[in-house]
Each structure stands twice: as structure tokens, then as C-alpha cells.
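From first to last, the protein sequence lines stand for chains A and B.
Quick note: the first sequence, position 197, residue 197 per my numbering, numbers continuous.
Quick note: the second sequence, position 84, residue 84 per my numbering, numbers continuous.
Warning: the hint list may mix true and false statements.
[Unchecked claim] Computed far set for chain B versus chain A, every beta-carbon distance over 10 Å:
no. : residue
1   : R12
2   : K61
3   : I69
[Said to hold, decoys possible] Now the in silico label distances, taken between C-beta atoms and shown as ranges:
no. : chain 1 : residue 1 : chain 2 : residue 2 : range
4   : B       : P65       : A       : R72       : 57 to 67 Å
5   : A       : K213      : B       : R72       : 28 to 38 Å
6   : A       : D26       : B       : R72       : 30 to 40 Å
7   : B       : P65       : A       : E78       : 40 to 50 Å
8   : B       : R42       : A       : K121      : 30 to 40 Å
[Stated by the list, open to error] Simulated pairs of lysine to any residue, SDA-like, Cα-Cα distance not exceeding 20 Å:
no. : chain 1 : residue 1 : chain 2 : residue 2
9   : A       : K53       : A       : G22
10  : B       : K143      : A       : K53
11  : B       : K143      : A       : L149
12  : B       : K53       : A       : N273
Just so you know, the hints here were simulated from the structure itself, not pulled from any lab data.
Beta carbons are placed, not taken as given, at the ideal position from N, Cα and C, and that holds for glycine.
Protein chains: 2
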Amino acid sequence: MKNVMNSDENSRKALYVIKIGGNIIDDELKLGTFLTDFAAIRGKKILVHGGGKLADRLADKLGIPQQMIEGRRITNSETLKVITMVYGGYINKNIVAQLQSNSCNAIGISGADANSLLARKRIHSSIDYGFAGDVENSRFNIKAWQLFLENDLIPVVCPITHDGKGQLLNTNADTIAQEISKGLSTSYTVHLIYTFEKSGVLLNVNDDTSVIKKMNAESYRGLKDKQQIFAGMIPKLDNAFAALATGVHKVIIGNAEKLNALVAGNSGTCIENE
Amino acid sequence: MKNVMNSDENSRKALYVIKIGGNIIDDELKLGTFLTDFAAIRGKKILVHGGGKLADRLADKLGIPQQMIEGRRITNSETLKVITMVYGGYINKNIVAQLQSNSCNAIGISGADANSLLARKRIHSSIDYGFAGDVENSRFNIKAWQLFLENDLIPVVCPITHDGKGQLLNTNADTIAQEISKGLSTSYTVHLIYTFEKSGVLLNVNDDTSVIKKMNAESYRGLKDKQQIFAGMIPKLDNAFAALATGVHKVIIGNAEKLNALVAGNSGTCIENE
Numbered sequence: 001m002k003n004v005m006n007s008d009e010n011s012r013k014a015l016y017v018i019k020i021g022g023n024i025i026d027d028e029l030k031l032g033t034f035l036t037d038f039a040a041i042r043g044k045k046i047l048v049h050g051g052g053k054l055a056d057r058l059a060d061k062l063g064i065p066q067q068m069i070e071g072r073r074i075t076n077s078e079t080l081k082v083i084t085m086v087y088g089g090y091i092n093k094n095i096v097a098q099l100q101s102n103s104c105n106a107i108g109i110s111g112a113d114a115n116s117l118l119a120r121k122r123i124h125s126s127i128d129y130g131f132a133g134d135v136e137n138s139r140f141n142i143k144a145w146q147l148f149l150e151n152d153l154i155p156v157v158c159p160i161t162h163d164g165k166g167q168l169l170n171t172n173a174d175t176i177a178q179e180i181s182k183g184l185s186t187s188y189t190v191h192l193i194y195t196f197e198k199s200g201v202l203l204n205v206n207d208d209t210s211v212i213k214k215m216n217a218e219s220y221r222g223l224k225d226k227q228q229i230f231a232g233m234i235p236k237l238d239n240a241f242a243a244l245a246t247g248v249h250k251v252i253i254g255n256a257e258k259l260n261a262l263v264a265g266n267s268g269t270c271i272e273n274e
Numbered sequence: 001m002k003n004v005m006n007s008d009e010n011s012r013k014a015l016y017v018i019k020i021g022g023n024i025i026d027d028e029l030k031l032g033t034f035l036t037d038f039a040a041i042r043g044k045k046i047l048v049h050g051g052g053k054l055a056d057r058l059a060d061k062l063g064i065p066q067q068m069i070e071g072r073r074i075t076n077s078e079t080l081k082v083i084t085m086v087y088g089g090y091i092n093k094n095i096v097a098q099l100q101s102n103s104c105n106a107i108g109i110s111g112a113d114a115n116s117l118l119a120r121k122r123i124h125s126s127i128d129y130g131f132a133g134d135v136e137n138s139r140f141n142i143k144a145w146q147l148f149l150e151n152d153l154i155p156v157v158c159p160i161t162h163d164g165k166g167q168l169l170n171t172n173a174d175t176i177a178q179e180i181s182k183g184l185s186t187s188y189t190v191h192l193i194y195t196f197e198k199s200g201v202l203l204n205v206n207d208d209t210s211v212i213k214k215m216n217a218e219s220y221r222g223l224k225d226k227q228q229i230f231a232g233m234i235p236k237l238d239n240a241f242a243a244l245a246t247g248v249h250k251v252i253i254g255n256a257e258k259l260n261a262l263v264a265g266n267s268g269t270c271i272e273n274e
């Protein structure tokens with residue numbers, strides 16, 4: 001029985017779901033290198049991008065005040081418009097064009113496109129988040145994603161979803177990467193890679209060489225108990241373990257400038273069940 | 001031999017390539033009705049949209065002067081950014097979300113997405129059009145379009161192309177509709193429908209009931225000779241006949257508010273070889 005399961009696991013294709021954040025998007029040169037590295041990854045892959053400072057800058061120029069609560073943007077209709085323009089338009093299409101120039105057959109999508117990600121407007125007892133959306137994973141449209149992946153299209157996903165009733169919604173890019181990874185883990189061996197400006201989860205937040213190379217649920221508990229995990233990393237790590245619990249094979253956290261090493265398992269923090 | 005050709009023509013699927021312009025995009029209510037009508041069209045279809053006044057308004061707010069020469073926008077890098085945000089982001093994603101709410105499985109694309117439309121930066125002896133692109137029809141990527149259409153995805157196309165070297169380009173939406181129609185006419189019986197605010201090609205530009213119902217190359221020459229065609233329509237009609245010459249089955253020009261009648265052949269001007 002074990003052998004059969006192993007062989008099933010082995011015969012499934014690997015899928016890399018890779019998230020890039022704002023820091024690299026704001027740096028044209030680093031973004032170019034990152035996209036060249038991304039294009040070079042063999043096999044199935046998906047890129048999820050955040051927004052960087054461009055949306056803030058545009059909102060500022062247009063005189064639309066931005067409000068953040070607990071790291072979440074309050075998305076009124078004017079802010080949603082800015083996000084749709086910057087994330088869904090400018091950043092997404094430029095990444096796609098650059099990937100195409102690297103012979104990577106990218107296709108830019110939001111959750112509305114091909115109905116790929118349905119979400120529900122966030123309802124909170126005391127905070128009005130506006131047009132913020134939480135992905136409904138029970139309605140994950142696996143067929144849409146398989147159509148892209150099995151036809152060698154590389155989805156480039158912006159952090160926008162929809163409610164199926166005509167309303168676009170702003171959804172956190174980390175969450176989108178996680179939801180896609182979960183949804184596709186029934187069909188692929190998913191490696192979820194979160195890239196940021198540090199080399200991984202650090203024992204000493206001021207020392208980029210103090211990367212914790214491997215982590216499982218037990219060692220994470222130990223490190224948390226000893227308060228050796230930087231508080232800002234805890235939500236990310238909790239999400240990583242939640243992803244593993246829903247079938248994601250591995251979560252890797254590391255530096256966007258070392259993408260190929262992250263994919264090869266030679267850099268970053270690797271989080272897995274075993 | 002004729003029978004065989006007819007049977008081939010009959011067995012091919014009809015494809016409706018429909019272009020909407022700025023007037024309807026700027027009118028939320030009319031756009032909503034148009035999209036409900038579009039969603040109701042049975043069979044294969046593609047929507048190509050222009051931009052309306054939203055791009056001008058955003059450019060104005062951002063202090064980016066807009067320059068038009070012979071109806072073409074001069075696209076410097078700042079203007080390209082505005083266009084990519086407004087056409088590729090805001091308008092495109094909102095149309096897609098609205099179509100999804102009408103059970104129409106739309107997917108928003110630019111020419112960069114899935115490498116669907118390659119273009120060449122326009123070189124002109126005396127005018128610098130900036131980042132304006134002319135579609136290279138010899139490089140039409142029919143596989144990308146067939147993948148969408150044969151999997152019942154409805155492409156919603158914004159007027160942006162790319163050069164394959166990482167550069168996005170601004171391309172006229174009428175031209176995009178025509179190039180897609182030409183490129184797909186080898187596989188489908190293409191009906192190219194240009195919608196605008198008038199009921200069709202008019203004998204008297206001030207009388208919306210003076211629609212010329214049918215037109216072929218011969219009758220068009222006659223009307224032109226007698227100067228009975230409004231000068232502004234001539235480039236559109238020349239394009240329509242050029243499309244027919246490359247295999248497009250029919251070109252229909254009419255009012256966006258009568259889309260279903262245009263599709264049914266009960267409204268607008270129908271231009272065909274016979």
C-alpha cells in the first residue's frame with residue numbers, strides 16, 4: 001500500500017507556485033533578473049505577484065488617502081480602482097511581456113479571468129475592509145488552472161479576485177499563492193515558494209546568515225516556545241503549516257534574488273511535514 | 001466542387017468577433033446591458049474593447065499631456081503606462097467580472113498574454129508615434145486563440161500588444177478586431193461586428209434611419225463615387241473590405257445597443273462579398 005502511494009506521489013508532476021512581493025517589483029533591475037530565473041525553471045509553474053509601492057504612489061498622486069489596518073489595505077471603491085489599474089494592468093502586463101521575451105509562455109490573470117478564484121467580500125464585526133475578498137476554497141476552479149498548466153501556459157496572477165456577481169475584490173497575494181497551492185495539491189506535488197528580501201527564516205533577524213534550513217511542526221513549536229522566531233514571521237509560518245496540512249508538499253521561504261537555488265533546495269528555509 | 005466547399009463552410013463553426021468603443025464603455029448602464037446581450041450570444045465569440053475617455057481623464061489628472069495625430073494617440077512611455085493601467089487593468093478586469101456574473105466564462109487578455117498578438121513598433125518617416133504597435137499577421141498565434149475558443153473561454157481583448165522582446169505596445173482596437181478576425185478565418189466562419197453609437201452606415205449622417213442595410217464592393221464603389229459615404233466612415237469601410245478579402249465571412253457595423261439584432265442580421269449594415 002505504501003509503495004502504491006509513493007509511486008502515485010512520484011508520478012505526479014511537480015508544480016512550483018512562486019510569490020514575489022513588493023520590494024523586487026519596485027526594483028526594475030532585480031525584477032528583470034528574477035523573471036529570467038523564473039523563466040528558466042523547468043516544469044509547471046505559477047507566479048503570484050503583489051503590488052509594491054506603485055499603487056501607493058498612484059493613490060497619492062490622485063489624492064486618494066490609503067488606510068492600512070493590521071497590514072491589510074482598506075479597499076474603498078477608489079482604492080480598488082487604483083489596485084485594479086496597477087496590479088491587474090501595469091504590473092501584471094509588464095511581467096507577462098518580460099516573461100514572453102524570455103520564451104516563457106505567460107498569461108496574466110486575476111481571479112475573475114476564467115473564473116479562476118472566487119472570493120467572498122470580507123465581513124468583520126468592527127472593521128469595514130471595503131472591497132477585500134477572502135478566497136472561497138470550496139469553490140476552487142481546478143479545471144481552469146489545469147487547462148493553463150496542461151497546455152504549458154504559465155499563469156501570472158495578480159492579487160485580485162471576484163465574487164461571481166460582478167464585483168472585483170482585493171485579496172492578499174500571500175493568501176492567493178496559498179489558496180492556489182492548496183487547490184492544486186490534489187493534482188500536483190506543489191512546492192510553494194515565498195520570496196522576500198531576506199535569505200529565509202532567521203534565528204537572528206539582524207544576521208542574514210542565521211537561516212533555519214529546515215523546519216517541521218515540532219521544531220517550529222520549539223522555536224516559538226523559546227521565542228526564537230521573529231514575531232513578523234509568525235503569520236507567514238502559521239500559513240505555511242496550514243498549507244502543508246491541506247496537502248501542499250513543501251513550503252520554501254527565501255530570497256527572491258536566489259530563486260534558482262530556492263527551487264533546487266540549496267537556499268532558504270524549507271518547511272515540510274517530515 | 002462547389003458543394004464540397006459549401007459543406008466545408010457550413011461545417012465550420014461561426015465565430016463572432018465584436019468590438020465595442022469608448023462611448024459605451026463610458027456609460028455604466030449601457031455597458032451593463034451590452035454585456036448581458038453579449039453573454040447571451042450562443043457559440044464562439046470574442047470581445048475587443050477600446051478605451052473611452054477614462055485614459056484621457058487619468059492622464060489629465062496625472063498631468064500627462066495627450067497628443068493625437070490623425071486619430072492616433074502618440075504613445076510616450078508615460079501614456080503607455082496610463083493605457084496599460086486603464087485598458088489592460090481597470091476596463092478589462094471589470095468587463096471580465098461582469099461577464100462572469102452573466103455566466104459567460106470570460107478571460108481578459110492583451111496581446112502579450114499567451115503571446116496572442118505580436119506587433120512591431122510603428123516606424124514612420126516623419127511622425128514618432130512612440131510605443132504604437134502594428135500587428136504582425138504573419139506571426140498570428142492561432143494555437144493560443146484556438147485553445148481559448150475550443151475550451152469555451154471567451155477572450156476579452158484590450159488594445160495592447162507586445163513585440164516579443166518585453167515591450168508592450170498600444171494598438172488600435174478596430175485593428176485588433178480585424179487582425180483576430182483575419183487570423184481565425186482559416187478555422188471559423190468569422191462575423192466581425194463593429195459597434196458604435198449609430199445604427200449602421202448612414203446615407204444621411206444626420207438621419208439614423210437612413211441605414212444602408214447591405215453593401216458589397218461594387219455598391220460601396222458606387223456610393224463613394226457619388227460621395228454618399230460620410231468621410232469619417234471610409235477608413236472603417238476600407239478596413240471592412242480588406243477583412244473580407246482575407247477570408248472574413250461578414251462585417252457588420254451597427255449600434256452597440258442593438259447587439260442581439262446585429263448578430264441575428266436584423267440591424268446595422270452588413271458588408272459581404274456577395
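A quick look at each hint next to the structure:
Residue-level check passed: R12/B sits 23 Å from the nearest beta carbon of chain A, beyond 10 Å. The claim that K61/B is not at the interface with chain A is violated, since a C-beta of that chain comes within 10 Å of its own (minimum 6 Å). No beta-carbon of chain A is positioned within 10 Å of the beta-carbon of I69/B; the least distance is around 25 Å. At about 37 Å, the CB distance of P65/B to R72/A disagrees with the hint of 57 to 67 Å.
Restraint check, K213/A to R72/B: a C-beta distance of roughly 57 Å breaks the suggested window 28 to 38 Å. Against the hinted window of 30 to 40 Å, the Cβ-Cβ separation of D26/A and R72/B comes to about 32 Å, which satisfies the hint. Checked against the hint of 40 to 50 Å, the pair P65/B and E78/A fails, with Cβ atoms roughly 24 Å apart. In this structure the hint that R42/B and K121/A lie 30 to 40 Å apart at CB holds, the actual value being about 32 Å.
At roughly 7 Å between alpha-carbon atoms, K53/A and G22/A fall within 20 Å of each other, so this suggested pair holds. The hinted pair formed by K143/B and K53/A fails the criterion: a straight-line CA distance of about 37 Å is larger than 20 Å. A distance of roughly 15 Å separates the Cα atoms of K143/B and L149/A; the hinted pair therefore holds under the 20 Å criterion. For the given pair, K53/B sits about 54 Å from N273/A by alpha-carbon distance, which is inconsistent with the 20 Å threshold.
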